[in-house]
Amino acid sequence: MTEAHRPVAEEIADRQNRFVAEHLRRIFVQIYRMVGSVEEAQDLTQEAFIKALQRGEQLKDPQKAAHWLSRIATNTAIDFLRRRGRLSVCDLDDVAEPASNPSESPEEILLRSERRAMLDEGLRSLSERERVALVLRDVEGLPAEEVAARMNCTQATVRSHIANARIKFRKYLQRRKL
Amino acid sequence: MTHPKLEDLALYAGGDLSWWARRRMARHLGVCAYCRREVEQFSAERTWLEDAGADFPQGVSWDRLAAEMKANIRLGLAAGECVGEVETPPARLAWRTVAAVASVVVVVFCGWLLQRPEPAVPAGWVLEATPAGIGVVEDGRGLTLLHPDSGTVLLSVGAQGAMRARWVDTETGQVTIHHVYAH
Chain E
1 MTEAHRPVAE EIADRQNRFV AEHLRRIFVQ IYRMVGSVEE AQDLTQEAFI KALQRGEQLK
61 DPQKAAHWLS RIATNTAIDF LRRRGRLSVC DLDDVAEPAS NPSESPEEIL LRSERRAMLD
121 EGLRSLSERE RVALVLRDVE GLPAEEVAAR MNCTQATVRS HIANARIKFR KYLQRRKL
Chain Y
1 MTHPKLEDLA LYAGGDLSWW ARRRMARHLG VCAYCRREVE QFSAERTWLE DAGADFPQGV
61 SWDRLAAEMK ANIRLGLAAG ECVGEVETPP ARLAWRTVAA VASVVVVVFC GWLLQRPEPA
121 VPAGWVLEAT PAGIGVVEDG RGLTLLHPDS GTVLLSVGAQ GAMRARWVDT ETGQVTIHHV
181 YAH
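Same order as they appear, the protein sequences are chains E and Y.
One point on numbering: in our numbering, the residue at position 52 of the first sequence is 52, and numbering is uninterrupted.
One point on numbering: in our numbering, the residue at position 176 of the second sequence is 176, and numbering is uninterrupted.
Read the hints as simulated data drawn from the structure, not as lab findings.
The C-beta atom is built at its ideal place from N, Cα and C for all residues, glycine as well.
Each hint should be verified, as a subset may be incorrect.
Distance ranges between label pairs, derived from CB positions [what the hints assert, rightly or not]:
(1) 51(Y) / 17(E): 41 to 47 Å
(2) 22(Y) / 21(E): 40 to 46 Å
(3) 13(E) / 5(Y): 40 to 46 Å
(4) 51(E) / 63(Y): 21 to 27 Å
A few chain E residues facing chain Y, derived, Cβ under 7 Å [what the hints assert, rightly or not]:
(5) 49
(6) 50
(7) 53
(8) 54
(9) 110
(10) 113
(11) 116
(12) 157
(13) 159
(14) 167
Next comes chain E alone, as it looks inside the complex (with noise of 0.2 Å):
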């Protein structure tokens, strides 16, 4: 690389920087929800922003960048999903340190971490097109055409799965509360 080179090297850098900053928490749970499992959560999330990078010339309107990156990162942990043709079961317990905020009461933090071990626990509980199709409907809030394009398959089978994974969540969240 030459000396003239180097500032511009360094100011796609530092671009690509921010936009790792600004959407990796964002991503890395979008994708953790779909596939329940933080270490392949992680090896996902890293792929979909090398991807979207290396492709960033496909980028045609910048205001649609989180979009973009979130089909991307919709796509790989669906393609990763297809090649293992199962979920695995979640292996939080192998990460021991809690993350918490520092302004939240005990009571809170207690609340919190039961809501998300339950949702973790109710998601386990759907097939992997119901948990899928549920994360990106009601989760990532995308119409049903959109789940359907991005699981390519037939809105009316997308409406199904969605439908059945309501069904067996709330099955799930009233044996929770007996």
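Based on the hints, put chain Y in the right spot on chain E.
Just chain Y, lined up with the frame of chain E:
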């Protein structure tokens, strides 16, 4: 009163029913308190799911994880750039490709010249059709397949050195074909 299916109530709560089905459902919900409660519960669960979904996974140290991921992403991008630079085709590769393709073309052409198809009928052999039958003759000697004297016999000659006689037996209706090849 007939209640809608639970699946439809779940879809209605998320706004996922078609326009017409939504209208019908709204009419039913206007008079059915039970289904209204079901829909409200589904809506509350969706809100819960949306809020809980935004929570960070339990027991994960985000700072450590984020630093690790950022480093790996930078590493991945750098590795990608290296691979990209190596994969850039040098100019002489085009000449090599042309030379390789030209060699293959020459070999195929020579092979075709050497394996050119021979004339189908050997010299001195004659395919012959007479009122009595069809056959091959060489130097006045030959073999003839006879067909019946009566009835119509259809004769045809193939471009590859073959002759065919076809007729229908007037008594049995059976079709017979004689096919004689001269090679």
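Hints, one by one, checked against the model:
{"no.": "1", "hint": "51(Y) / 17(E): 41 to 47 Å", "verdict": "30 Å, violated"}
{"no.": "2", "hint": "22(Y) / 21(E): 40 to 46 Å", "verdict": "42 Å, holds"}
{"no.": "3", "hint": "13(E) / 5(Y): 40 to 46 Å", "verdict": "55 Å, violated"}
{"no.": "4", "hint": "51(E) / 63(Y): 21 to 27 Å", "verdict": "25 Å, holds"}
{"no.": "5", "hint": "49", "verdict": "5 Å, holds"}
{"no.": "6", "hint": "50", "verdict": "4 Å, holds"}
{"no.": "7", "hint": "53", "verdict": "6 Å, holds"}
{"no.": "8", "hint": "54", "verdict": "6 Å, holds"}
{"no.": "9", "hint": "110", "verdict": "12 Å, violated"}
{"no.": "10", "hint": "113", "verdict": "6 Å, holds"}
{"no.": "11", "hint": "116", "verdict": "4 Å, holds"}
{"no.": "12", "hint": "157", "verdict": "13 Å, violated"}
{"no.": "13", "hint": "159", "verdict": "6 Å, holds"}
{"no.": "14", "hint": "167", "verdict": "6 Å, holds"}
In this structure, the hints that do not hold are numbers 1, 3, 9 and 12, in rising order.
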